[in-house]
Amino acid sequence: SQKIEQNSEALNIQEGKTATLTCNYTNYSPAYLQWYRQDPGRGPVFLLLIRENEKEKRKERLKVTFDTTLKQSLFHITASQPADSATYLCALRENSGYALNFGKGTSLLVTP
Amino acid sequence: GAVVSQHPSWVICKSGTSVKIECRSLDFQATTMFWYRQFPKQSLMLMATSNEGSKATYEQGVEKDKFLINHASLTLSTLTVTSAHPEDSSFYICSAITPVSYEQYFGPGTRLTVT
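Just so you know, the sequences run in chain order A and B. According to this note's numbering, the residues represented by the first sequence are 1 to 112, in order. According to this note's numbering, the residues represented by the second sequence are 1 to 115, in order.
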């Protein structure tokens, strides 16, 4: 069956450190992989999109890697800040359509 | 980034009544919009794909007669929950795809509570 797995445990890190979140998938052939941030009671906010032929993408303090052999994406936040505390969602899109398939998300808490 | 709005942000209705939720792409045209539902501490579940000018495509298990979708223009899609019941209480979120980059942007969500 198809699965998208993200760290189920909340990730607690200290301000200034790098947070690394993992997204593993099974039985998907994603054309795109997207990362979103979601705060409680709010819709997801788009962060980064990476295509299947891209290895890495950066945007300010954010970095995403995509390894289609390992079927894994890593999401890094460098120099983390308490304002980065939120739930981060990984979502896949296959070539067959535009709909996104979401993981359950990983909760990140950055403490001062 | 692109902006998607939803209205209302929250609504409380009585069992048996119908509720309409609007989703608008504010600064781009979206031929395709999506409706998702999210229960507490769960991931977003796709309900249906809304295509401008044609019938929506519903995911398995989603009743099309209960969740009516209309995508009448390139910037507006509506979801109507008909004869709402308490089990329909959830967080409903729409999204739209930008035409060039195919990035998908989400609205802020609508909290529906059926009493």
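In short, the hints are calculated from the structure, not lab data. The beta-carbon is built from N, C-alpha and C at its ideal position, and this holds for glycine as well. You may find that some hints are simply not true.
[Unchecked claim] No more than 25 Å apart at the CA atoms, straight line, and that leaves these computed lysine-lysine pairs for DSS-like:
1) B:K64 to B:K14
2) A:K57 to A:K3
3) A:K59 to A:K17
4) A:K104 to A:K3
5) A:K3 to B:K14
6) A:K104 to B:K41
[Claimed, not checked] Anything over 12 Å on all C-beta distances counts as not near chain B; from chain A, calculated:
7) L48
8) A79
9) Y98
Comparing the hints with the structure gives:
1. Restraint check for B:K64 and B:K14: satisfied, since their Cα atoms lie roughly 21 Å apart, inside the 25 Å limit.
2. Using a Cα cut-off of 25 Å, the hinted pair A:K57 and A:K3 holds, with the two alpha carbons roughly 23 Å apart.
3. Under the criterion of a C-alpha separation no larger than 25 Å, the hint pairing A:K59 with A:K17 is consistent with the structure, at around 17 Å.
4. Of the supplied pair hints, the one linking A:K104 and A:K3 holds, its CA atoms being roughly 10 Å apart against a limit of 25 Å.
5. For a cut-off of 25 Å, the pair hint linking A:K3 to B:K14 is broken: about 37 Å separates their Cα positions.
6. The straight-line distance between the Cα atoms of A:K104 and B:K41 is roughly 8 Å, inside the 25 Å bound, and the hint therefore holds.
7. Non-interface status of A:L48 relative to chain B is broken: a Cβ of that chain comes within 12 Å, the nearest being about 9 Å off.
8. For A:A79, the condition that its CB be more than 12 Å from all CB atoms of chain B holds, with the nearest at approximately 22 Å.
9. For A:Y98, the condition that its CB be more than 12 Å from all CB atoms of chain B is violated, with the nearest at approximately 5 Å.
Of the numbered hints stated above, those contradicted by the structure are hints 5, 7 and 9, listed in ascending order.
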